[in-house]
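Student: Join these two chains into a complex; the hints should help.
These protein sequence lines are chains A and B, in that order.
Using our numbering, the letters of the first sequence map in sequence onto residues 1 to 112.
Using our numbering, the letters of the second sequence map in sequence onto residues 113 to 228.
Certain hints may be false.
Cβ-Cβ distance ranges computed for the label pairs, FRET-style [to be verified]:
1) Ile12(A) - Thr172(B): 15 to 25 Å
2) Asn174(B) - Asp1(A): 20 to 30 Å
3) Leu159(B) - Asn28(A): 13 to 23 Å
4) Glu127(B) - Glu14(A): 26 to 36 Å
5) Gln169(B) - Arg96(A): 22 to 32 Å
6) Val209(B) - Thr5(A): 27 to 37 Å
7) Ala128(B) - Asp73(A): 41 to 51 Å
Honestly, the hints are just simulated from the structure, not real lab data.
From the three backbone atoms N, C-alpha and C, an ideal C-beta is built for every residue, glycine too.
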Amino acid sequence: DAEITQSPRHKITETGRQVTLACHQTWNHNNMFWYRQDLGHGLRLIHYSYGVQDTNKGEVSDGYSVSRSNTEDLPLTLESAASSQTSVYFCATSPRVGGELFFGEGSRLTVL
Amino acid sequence: AQTVTQSQPEMSVQEAETVTLSCTYDTSESDYYLFWYKQPPSRQMILVIRQEAYKQQNATENRFSVNFQKAAKSFSLKISDSQLGDAAMYFCAYRSVTSNTGKLIFGQGTTLQVKP
Chain A
1 DAEITQSPRH KITETGRQVT LACHQTWNHN NMFWYRQDLG HGLRLIHYSY
51 GVQDTNKGEV SDGYSVSRSN TEDLPLTLES AASSQTSVYF CATSPRVGGE
101 LFFGEGSRLT VL
Chain B
113 AQTVTQSQPE MSVQEAETVT LSCTYDTSES DYYLFWYKQP PSRQMILVIR
163 QEAYKQQNAT ENRFSVNFQK AAKSFSLKIS DSQLGDAAMY FCAYRSVTSN
213 TGKLIFGQGT TLQVKP
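Same shape as in the complex, but just chain B (with noise of 0.2 Å):
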């Protein structure tokens, strides 16, 4: 079965500033999607970033980015000149593209604090 782990339970971070958040994960299949979910205080749920496995190139949305190492099975999200609204929760998730059910796989997440 496919675990994701964040060891990081809290980070911080001061405004303009840059913050790599980490996430492994285990899996045998070659194939798979990985997401970042943020979480703010509102408990909403909303995806920051997606990478297929099978593109080496690492996806970047605006001030956010990825550094996906498929052979160590790394996925840290980079978060670049840091917001107040960058705080949050962050979620790192698996999809399987072989089983195809469609779940998502959560790590426990990371508290992201930004500092002014």
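Next comes chain A alone, as it looks inside the complex (with noise of 0.2 Å):
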């Protein structure tokens, strides 16, 4: 069965260290989203790309980055942790523009 494969599912971390989160998907979707969810806040898009080579900011993007070097993968990194960082992260595809998302099983990272 095709699916979503987040890593590591928990980490504990240092502030100002780097960090990175990855998203491995089988179903070869081109549309792929990070998102970040918080108490009282939902679910946050921060991150998404379109394809192979494309990245977009999305409403919380501050202290993350992306690249998109293949269909399969889009690793989402903190260049400099911090605790505002600590937060539950949600990778999720979608196989077409406007299609529902499918979503992996969330990465906890907490922040020290």
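Tutor: Following this line, the structure appears as structure tokens:
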């Protein structure tokens, strides 16, 4: 079965460190999204991509970056982790622009 | 910019009874999609139901149905015959058709407790 795999599922890091969250999908979907989930805010869009070499900023992109070198992967990098980036991060894909989103299982990041 | 509001942070329902979760949204667009997602304690996001704004008929999926009031910009979720497995956080979400970016805008979520 096709799936979306996020890793690590849990990570604790220190302020100032670089962190990369991986997202790998076998759906062969062109569209990939990164959201963060915080209590009281629902899910907020960080970055998204419509295909290889395409990346776009979402509403909360400051402090985050992504790159898309192939269809399957969209890693999310925190260049210098901050305590405000403690959150649960979700990767999602869709088969076409406007289709429903399929979500990974989330990665819980704690920045101390 | 579009916004989605879920004004009920928490709701509870007795097993086998019916509960309605509220969602309102703000948009100037005439064509869009609305979704309800369920997030159980496992954290997995599961699509419950979707509604196309151009359809007048309310969407239904088994025990889940929506009351879509386009003029009022309201999109509530009704869960009938509630089961213990329905306990979860529920998110309402909006997707524009006009901008066609594929992005979903989410509400803050409502935590549903089901009492045996």
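Student: Each hint needs a verdict: does it hold in this structure or not?
Tutor: Tested hints:
1. Checked against the given bound of 15 to 25 Å, the beta carbons of Ile12(A) and Thr172(B), roughly 44 Å apart, lie outside it.
2. For Asn174(B) and Asp1(A), the Cβ-Cβ distance of about 22 Å falls inside the hinted range of 20 to 30 Å, so the restraint holds.
3. A hinted range of 13 to 23 Å holds for the C-beta pair Leu159(B) and Asn28(A), which are about 19 Å apart.
4. Distance hint check: the CB atoms of Glu127(B) and Glu14(A) are about 45 Å apart, inconsistent with the given range 26 to 36 Å.
5. The hinted range of 22 to 32 Å is satisfied by Gln169(B) and Arg96(A), whose Cβ atoms lie roughly 24 Å apart.
6. For the hinted restraint 27 to 37 Å between Val209(B) and Thr5(A), the CB-CB distance of approximately 30 Å keeps it satisfied.
7. Separated by about 45 Å at the C-beta atoms, Ala128(B) and Asp73(A) satisfy the suggested range of 41 to 51 Å.
The earlier numbered hints that this structure contradicts are 1, 4.
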